[in-house]
Amino acid sequence: MSERDFQVPQAAVCPLGLLASKIEGTIDGASVDLLVTGAAPLQDALAGEVSLVDNEKYLNKLLASPATAFIVPQSFPVVESRVLIRVKNPHAAFIQAIEIFRPQRKSFVGGIHPQACVEASAKLGHDCWVGPGATIGADVVIGDRTRIHSGVHVQAGSRIGSDCELMPGVVLYENTIIEDRVLIHAGAILGAHGFGYKLVQGRHCRTAQLGWVHVESDVEIGAGCTIDRGTYGATRIGEGTKIDNQVQIAHNVRIGKHNLICAQVGIAGSCSTGNYVVLAGQVGMKDHIHLADGVVVGAQAGLMSDAAPGQVLLGSPAINQKEQMQIFALQMRLPEMRKQLKQLQATLDQLQSAQRNSQALSAGDAA
Amino acid sequence: MSERDFQVPQAAVCPLGLLASKIEGTIDGASVDLLVTGAAPLQDALAGEVSLVDNEKYLNKLLASPATAFIVPQSFPVVESRVLIRVKNPHAAFIQAIEIFRPQRKSFVGGIHPQACVEASAKLGHDCWVGPGATIGADVVIGDRTRIHSGVHVQAGSRIGSDCELMPGVVLYENTIIEDRVLIHAGAILGAHGFGYKLVQGRHCRTAQLGWVHVESDVEIGAGCTIDRGTYGATRIGEGTKIDNQVQIAHNVRIGKHNLICAQVGIAGSCSTGNYVVLAGQVGMKDHIHLADGVVVGAQAGLMSDAAPGQVLLGSPAINQKEQMQIFALQMRLPEMRKQLKQLQATLDQLQSAQRNSQALSAGDAA
Amino acid sequence: MSERDFQVPQAAVCPLGLLASKIEGTIDGASVDLLVTGAAPLQDALAGEVSLVDNEKYLNKLLASPATAFIVPQSFPVVESRVLIRVKNPHAAFIQAIEIFRPQRKSFVGGIHPQACVEASAKLGHDCWVGPGATIGADVVIGDRTRIHSGVHVQAGSRIGSDCELMPGVVLYENTIIEDRVLIHAGAILGAHGFGYKLVQGRHCRTAQLGWVHVESDVEIGAGCTIDRGTYGATRIGEGTKIDNQVQIAHNVRIGKHNLICAQVGIAGSCSTGNYVVLAGQVGMKDHIHLADGVVVGAQAGLMSDAAPGQVLLGSPAINQKEQMQIFALQMRLPEMRKQLKQLQATLDQLQSAQRNSQALSAGDAA
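Protein chains in written order, with my numbering: chain A, 1 to 367; chain B, 368 to 734; chain C, 735 to 1101.
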């Protein structure tokens, strides 16, 4: 393939005047007939394309860009020999521009694809879509307008609400509950067995794993996440919580509402979080601990105990961010502290020896 | 969907007397005709349902629960106005109760689904099950009663024993060996290339990756795990070892028998472990190191060298837990140590200056 | 199944003379008619098989092995009662031997499998292969000789070059660009939404995620990796870069050419790397930082800021390896430093009290 073949196709060519009117902008420096061929961010934009410069501190980057026009804030300075489109909200306008040139694809034609495999006892709502290679087990119930992509496997007894989207390769084990407007990215797996074993005569025997996963409304779950079922009841993800890629959530965990859980976080069994908790990337949580409302945890932290509302935690083992920052700084000074200790020791030895001499002298005097 | 739609369906209603006789319990405080509608853990149980209270220290939670009956140990105190079912083993009895109300689903009807794709040269044992969308490559051999779920891909030359279960989306690369009674959770990938390259004229060239993965009997592998093939021979997982979700095991690794490997652990190439080794969550192991029998490693530890039998390790880089706990504690005292150093310095300066004065004085005296 | 059933089948029996001539070696200690039944690494090789001993320091292991013959370097000493095949390059010769006994399987018969699902508007090059259960969306373009394994999902608008291989279960979201000779291992997911939200009236609202993923030529991506699309444009992986399993790369990241990124690394949004950067296992990178050409980062490090060309970094938070190693060593000596501090304090207290006594004495003298 040639170089040009590896470009995302732009769907249309648009005269500058039409573009400006669609994004409610005013043109500064060019004719309305100039043809624009695409929209791309500043570091990628080619000649012919429109780009975005949201702040005048990037003026140099604008001047270095081959792009044909730039969407800028109203207050942007005039730039000689460059075409600007001044708008109220540059990001919203640029998003509109992208959607003109590269409209979002509709992969949904509605209905159940002939290569999908839906059990007779499953009930689907209106305007559902089930892609090729997807399997829907017995007694599954799915709400209206929910889109099940190709290669998704929904096991028996699961219930999915309305306006959900399950991307390719998602797996829901039996009895998984998904409420409304939930988006699950490709390869996420909900409902595998919790990691619980009992040692019997030298062999690890699996304990009962009879529960399920319950995801409340407006949750988003990232690609490759794994959320295990509860032991007897539900592992639960609260309303509005957003989970990034490759997060692991163990059995019986209860995540509160509107949490943000970044990539590669691992949460051990029976943990719980309040509302508006934020966990940065690669955080680990020991089992059976609780983070209260509004707790914020820094990247790679290792949580070993409960946290009070609003606490900001850092480090492994994690403590308050303020103290941890101080300790990180002092660790950097350990070589200096070591040196200081040696000098103190030397000075002290010297003093002691001087004192001994002077005592010996005094003793001599006395004698 | 209404609120009630997002409940896991309970399969049956059961009179209390029948329930008690099935779980071999004695009823305390109610008629045998009382109808029970489900079984749920204490934090979830609704009116009508039976729950579990395994210890009298949870008496307050019992009193606060709307559940209709509670499975308790024989020795539990009498609770006025609450229905108790006294049993010998409360957890075993509660598991039985759950299975009465929510019997495990049978997703296996036996046979090869018409939408599965099985090569003519593959040999399947008796009572195997191959789900829709699964693919079984050339020369694959599968033992009796093994269940291959929908969307599993078993590449050519692989051999799977009897009574195994491969959950949806599992991928076995060519020549993978799986012994008997192995359970592999959804999305696990066995046999991808090891990460080995040689720099030739500025480009990373892949070294030979000609081996396979060999999983011994009674192993369980969690969702989303990746286990790479050996370079020339096998990457091997020993009998009875249990692996949690999202664990990464590199090429040529040899895991011993009856290990427990928790979620998100990463084991680099050519490592080996003895028997009964335990790795907690997010542990990392440097390549080519060996952990002897019974080694236990704490969460997020980074292992840089071999470990002797029974060692308990912690931290990154990991050392003996006892020393590491002391060092963690002393890190917390670094601000105090820093302050103490400054005070020592000040006191010493003062002493020195006093000494100098007294020497000057003595010198004065002498003069 | 019997023990012997769990062996990877060896395809052929080969007389020693024929084997030696194929790998260009000379036989030392046996007849050319001796039959060899397979090739296996030293720790696995059985009687009848040929193995590899690349260095005479492993002589004891050779003597303890039941293997029938050993591929060794030209300079290897004579070993009584053992059959050696002396060759110029033992590893290359052993690879050839493995391929004689266990030739690589061809899973590609060419063409589009009848159980694949390819949209009418997709364009495939010559000699492409699309496996059963794979789905190819509208307007997808695929180059010559590219192999799409079973259960791969390529969404609409994606473009894949020539000589690529996508292993089972790979998912490409819409508009993903893959150049030539790219290998993507099973379960990798390219193009899911970036993790970007804006808090509006107490709810996290997803920001625009309109971009795509662009993978340049000769890249390899490990099993279970996730690479998110850019916000407006591309998340980009540079030519020749190799990525191990379970790596997470967030939106707008730009990875340079010929990087090596080990397993379970997490790279946050808008990071960039130069060429020939190496990230060891489980490294985490804060968003918006840049690593210049040739930077090397140790396992489990946490990068919080930019790095200059060739820097070697370690620890969390990461600093120069040399300083970090010194600090790790001093942390181990914290108990000793603490003890030393106490002793200094005690000695100083003693000195002060001695001084006070001597002053009191002097004062007495003076009086």
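One or more of the hints may lead you astray.
Distance ranges between label pairs, derived from CB positions [unchecked claim]:
id: 1; chain 1: C; residue 1: 794; chain 2: B; residue 2: 466; range: 52 to 62 Å
id: 2; chain 1: B; residue 1: 569; chain 2: C; residue 2: 1038; range: 46 to 56 Å
id: 3; chain 1: C; residue 1: 1038; chain 2: B; residue 2: 448; range: 35 to 45 Å
id: 4; chain 1: C; residue 1: 940; chain 2: A; residue 2: 111; range: 22 to 32 Å
id: 5; chain 1: C; residue 1: 1066; chain 2: A; residue 2: 361; range: 39 to 49 Å
What the hints contain is simulated information worked out from the structure, not anything from laboratory work. Virtual Cβ for every residue (Gly too), placed ideally from N, Cα, C.
Tested hints:
1. C:794 x B:466: 52 to 62 Å: holds (57 Å)
2. B:569 x C:1038: 46 to 56 Å: Distance hint for residue 569 (chain B), residue 1038 (chain C) is violated at roughly 30 Å.
3. C:1038 x B:448: 35 to 45 Å: violated (59 Å)
4. C:940 x A:111: 22 to 32 Å: Check passed, 27 Å falls within 22 to 32 Å.
5. C:1066 x A:361: 39 to 49 Å: For residue 1066 (chain C) and residue 361 (chain A) the Cβ distance comes to about 43 Å; the hint holds.
In summary, the structure is inconsistent with hints 2 and 3 from the numbered list given earlier, while agreeing with the others.
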